[in-house]
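Chemist: So you can see what is in the structure, the chains are spelled out below.
There are 2 protein chains.
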Amino acid sequence: MPKLKDKHKHNFGQNQACVIHILDMRVESQGADFHTVWMNEPTSNGMPLVRMIDQNRLPFEFEIFNSPALETTCEAIKDMTVRGAGAIGATAAFAMAQGFFEDRPDEARALIESTRPTAQNLFYATRFVYEAAIKGRPSDAYMAAQEVALQDELACRQIGQYGLELMPDNSKVLTHCNAGWLAFVDWGSALSPVYVAHRAGKEVFVYADMTAPRNQGGRLTAWELANEGVPHQIVPDTGLMDLMDEVRPDLVIVGADRIAANGDVANKIGTRMVALAAREFDVPFYVAAPTSTIDLATSSGKDIRIESRSYDEVTHVTGLTEDGRLETVQFTNPGSPARNRAFDVTPNKLVTAFITERGIIRPRLEDIVAVKNAA
Amino acid sequence: MPKLKDKHKHNFGQNQACVIHILDMRVESQGADFHTVWMNEPTSNGMPLVRMIDQNRLPFEFEIFNSPALETTCEAIKDMTVRGAGAIGATAAFAMAQGFFEDRPDEARALIESTRPTAQNLFYATRFVYEAAIKGRPSDAYMAAQEVALQDELACRQIGQYGLELMPDNSKVLTHCNAGWLAFVDWGSALSPVYVAHRAGKEVFVYADMTAPRNQGGRLTAWELANEGVPHQIVPDTGLMDLMDEVRPDLVIVGADRIAANGDVANKIGTRMVALAAREFDVPFYVAAPTSTIDLATSSGKDIRIESRSYDEVTHVTGLTEDGRLETVQFTNPGSPARNRAFDVTPNKLVTAFITERGIIRPRLEDIVAVKNAA
Chain A
0 MPKLKDKHKH NFGQNQACVI HILDMRVESQ GADFHTVWMN EPTSNGMPLV RMIDQNRLPF
60 EFEIFNSPAL ETTCEAIKDM TVRGAGAIGA TAAFAMAQGF FEDRPDEARA LIESTRPTAQ
120 NLFYATRFVY EAAIKGRPSD AYMAAQEVAL QDELACRQIG QYGLELMPDN SKVLTHCNAG
180 WLAFVDWGSA LSPVYVAHRA GKEVFVYADM TAPRNQGGRL TAWELANEGV PHQIVPDTGL
240 MDLMDEVRPD LVIVGADRIA ANGDVANKIG TRMVALAARE FDVPFYVAAP TSTIDLATSS
300 GKDIRIESRS YDEVTHVTGL TEDGRLETVQ FTNPGSPARN RAFDVTPNKL VTAFITERGI
360 IRPRLEDIVA VKNAA
Chain B
0 MPKLKDKHKH NFGQNQACVI HILDMRVESQ GADFHTVWMN EPTSNGMPLV RMIDQNRLPF
60 EFEIFNSPAL ETTCEAIKDM TVRGAGAIGA TAAFAMAQGF FEDRPDEARA LIESTRPTAQ
120 NLFYATRFVY EAAIKGRPSD AYMAAQEVAL QDELACRQIG QYGLELMPDN SKVLTHCNAG
180 WLAFVDWGSA LSPVYVAHRA GKEVFVYADM TAPRNQGGRL TAWELANEGV PHQIVPDTGL
240 MDLMDEVRPD LVIVGADRIA ANGDVANKIG TRMVALAARE FDVPFYVAAP TSTIDLATSS
300 GKDIRIESRS YDEVTHVTGL TEDGRLETVQ FTNPGSPARN RAFDVTPNKL VTAFITERGI
360 IRPRLEDIVA VKNAA
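Top to bottom, those sequences are chains A and B.
Quick note on numbering that gives the first Met the number 0: the first sequence kicks off at 0 and runs consecutively.
Quick note on numbering that gives the first Met the number 0: the second sequence kicks off at 0 and runs consecutively.
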């Protein structure tokens, strides 16, 4: 989605890693336009190249990571070079295509499915490509993977259109983590209504939860919003109740990593607290997600597997020194262990509605089944 | 409270800043014993010296900051070299004594009261010393300030004794921010029951909320607990609901910066969220505080002034690089503003009880007035 200024335009050669320092950059509406992740046609070596914005380096450096093989694409999912429900899904689809080109589809599928356990889109996308090509040719996998990515983009754009109806002029929107275009192929889920509204000339102000430990709100959501010129403020995770009480946002919109059949929602750790705070202050709490995130095989949140990650992510942080170097520092008591579960599950009773590409629905089994099965 | 190992013992000369690198240190029960803040008798220049552990450098360096004059003591409160309800109170008392020695008590009182607006102990302590000495001599102020500090220490010790009754063996305790001995002259409020229980041989495990933006939980509470050998884990602020659901702590204990007459509690930003989460999971939520923190002149939380601080505190963090240097880094999108209110107000209905040095009381006006006025 970001269109880079002329001075930052860059001919991203296929095999080179390109670093643009964007600290002084205000991304504007001219120049190159990017997706979060994409796949190029097979190169001279016969293999498709998967390319993605390196999200571990944002917002400090804008770098394209090139993954020539299944293994490196899986590694990029694991280490969160690419993250976010839809972006993980598209990347998994591309990885599955690479697996076919490497002539080891079954091994590839197992490898991809072992990268991260919680995001439904990863499993959906991997299966979609696998089933499309297992009785065919690698080029079928290539096409199926491109379709996954395209569907993700179209769904997100449509979510923005439906979400627009929920936003009065001068909306104050609270969001958690990053469910913007960086979390999908483009547009995003939670932020898509914001972008659609903003581009339609509606006033909108976004409060972005920091979302420790990886601070995707303060890093990625804030970066996206700054690029689009959407006024915003970063809110420390501890500031939630004070924000609700003092600012009273009009609505909360978050994304989802997996939606169970009953409407329970796995999303970034901290989401459940935001939902509880919203209920306490009678603020509507919306979950925006493409229907590909719905998992009818998971009957409720209790059945969703939650990923635990290394506790270094909680105790260390990477940022920019005053003189412009990237440094990683430990800011907690050395030796003290930390807890790091990547997601939590928000019960359906705290969800006002889901914003999907097929419309806005209540968190009820029959509505969820119906929207999932709609053509 | 920490007693430093022999190899770290240090003769803290009165006029030197002493840095001990404590990264590899496990503080043990031999060697020097420290208060958080203390005041030495007037030196050859006729002025008392205020001395304190520099809490901005913990847990990376253990350094004593020496403040020879009113102005530098006020600066130390403002920049949080010293922080925490009781420690701020004692420091304010010492500053007030310095104001008398500098022969400008009225100016001093105004200056001290302008440092930080929320902590009740600051106003209580300043007034106590002022009234004790305004018709007397500087030495009266000196004695009154020492009394404030001593009363704080005794109250905290007693809070530990009362709190002990609330802790079953094998307690799992959740706390927010740092209300340990570093937040008071010694012992602490929320952590005093933990220390008393631990020293009495009871098993206790503490979950320490990180408490962004200044991360006093991850820095100071974790450091205190490690020094005492209390098993603990740092919890990211976003991990609250997941912790409640998965671990189900036996109780929550937090401190307080000001308690209104009706039992509303101003405490570190994020406390109200912890209280709400505790209610959602039927976990008792205790507020531990000396009665000096009760402000009968404030009828409810609505009347408590909440401090807003620079938003650099939210967007930047100081920590240790892999090769042992302290660096400050910005880890959010450069240019994006942030919200930084230092406290929030927890409504009395979310408080199970107060643990004071005069017993455990319900959050009701009549009980609060009675305990405040008890001799």
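For the record, the hints were derived by calculation from the structure and aren't laboratory data.
Hints are not guaranteed to be accurate.
Since the list gives no way to pick out one identical chain from another, each pair is judged satisfied if it fits inside one copy or across any two copies.
[Unchecked claim] Below, a list of computed lysine to aspartate or glutamate pairs in the EDC-like style, where the Cα atoms sit at most 20 angstroms apart:
1) 348 - 281
2) 77 - 245
3) 301 - 245
4) 371 - 302
5) 301 - 244
6) 348 - 279
7) 301 - 279
8) 77 - 106
9) 348 - 321
10) 301 - 130
Keep in mind it's a predicted model, so treat the numbers as computed, not measured.
Chemist: Does each hint hold? Answer for all of them.
Modeler: Hints, one by one, checked against the model:
1. In this homomeric assembly, residue 348 and residue 281 come within 20 angstroms of each other (Cα to Cα) both inside a single copy, at 13 angstroms, and across copies, at 18 angstroms.
2. Taking identical chains as interchangeable, the C-alpha atoms of residue 77 and residue 245 are never at most 20 angstroms apart, the minima being 38 angstroms within one chain and 24 angstroms between chains.
3. In this assembly of identical chains, the alpha carbons of residue 301 and residue 245 lie at most 20 angstroms apart only when taken from different copies (11 angstroms versus 34 angstroms within one copy).
4. In this assembly of identical chains, the alpha carbons of residue 371 and residue 302 lie at most 20 angstroms apart only when taken from the same copy (19 angstroms versus 50 angstroms across copies).
5. In the homo-oligomer, the alpha carbons of residue 301 and residue 244 lie at most 20 angstroms apart only across protomers (11 angstroms), although the nearest pairing inside one protomer, at 31 angstroms, exceeds that limit.
6. In this assembly of identical chains, residue 348 and residue 279 lie within 20 angstroms of each other by CA distance both inside one copy and across copies; the values are 13 angstroms within and 13 angstroms between.
7. When the C-alpha separation of residue 301 and residue 279 is checked against a cutoff of 20 angstroms, the pair qualifies only between copies, where the shortest distance is 18 angstroms, while the shortest distance within a copy is 24 angstroms.
8. Taking the shortest Cα distances, residue 77 and residue 106 sit within 20 angstroms of each other inside one copy (17 angstroms), while across copies they are farther apart (60 angstroms).
9. Taking CA atoms no more than 20 angstroms apart as the test, residue 348 paired with residue 321 passes in neither setting, with 46 angstroms inside one copy and 45 angstroms between copies.
10. Within a single copy, residue 301 and residue 130 get their C-alpha atoms no closer than 28 angstroms, and across copies no closer than 61 angstroms, so neither meets the 20 angstroms cut-off.
Of the numbered hints listed earlier, those contradicted by the structure are 2, 9 and 10.
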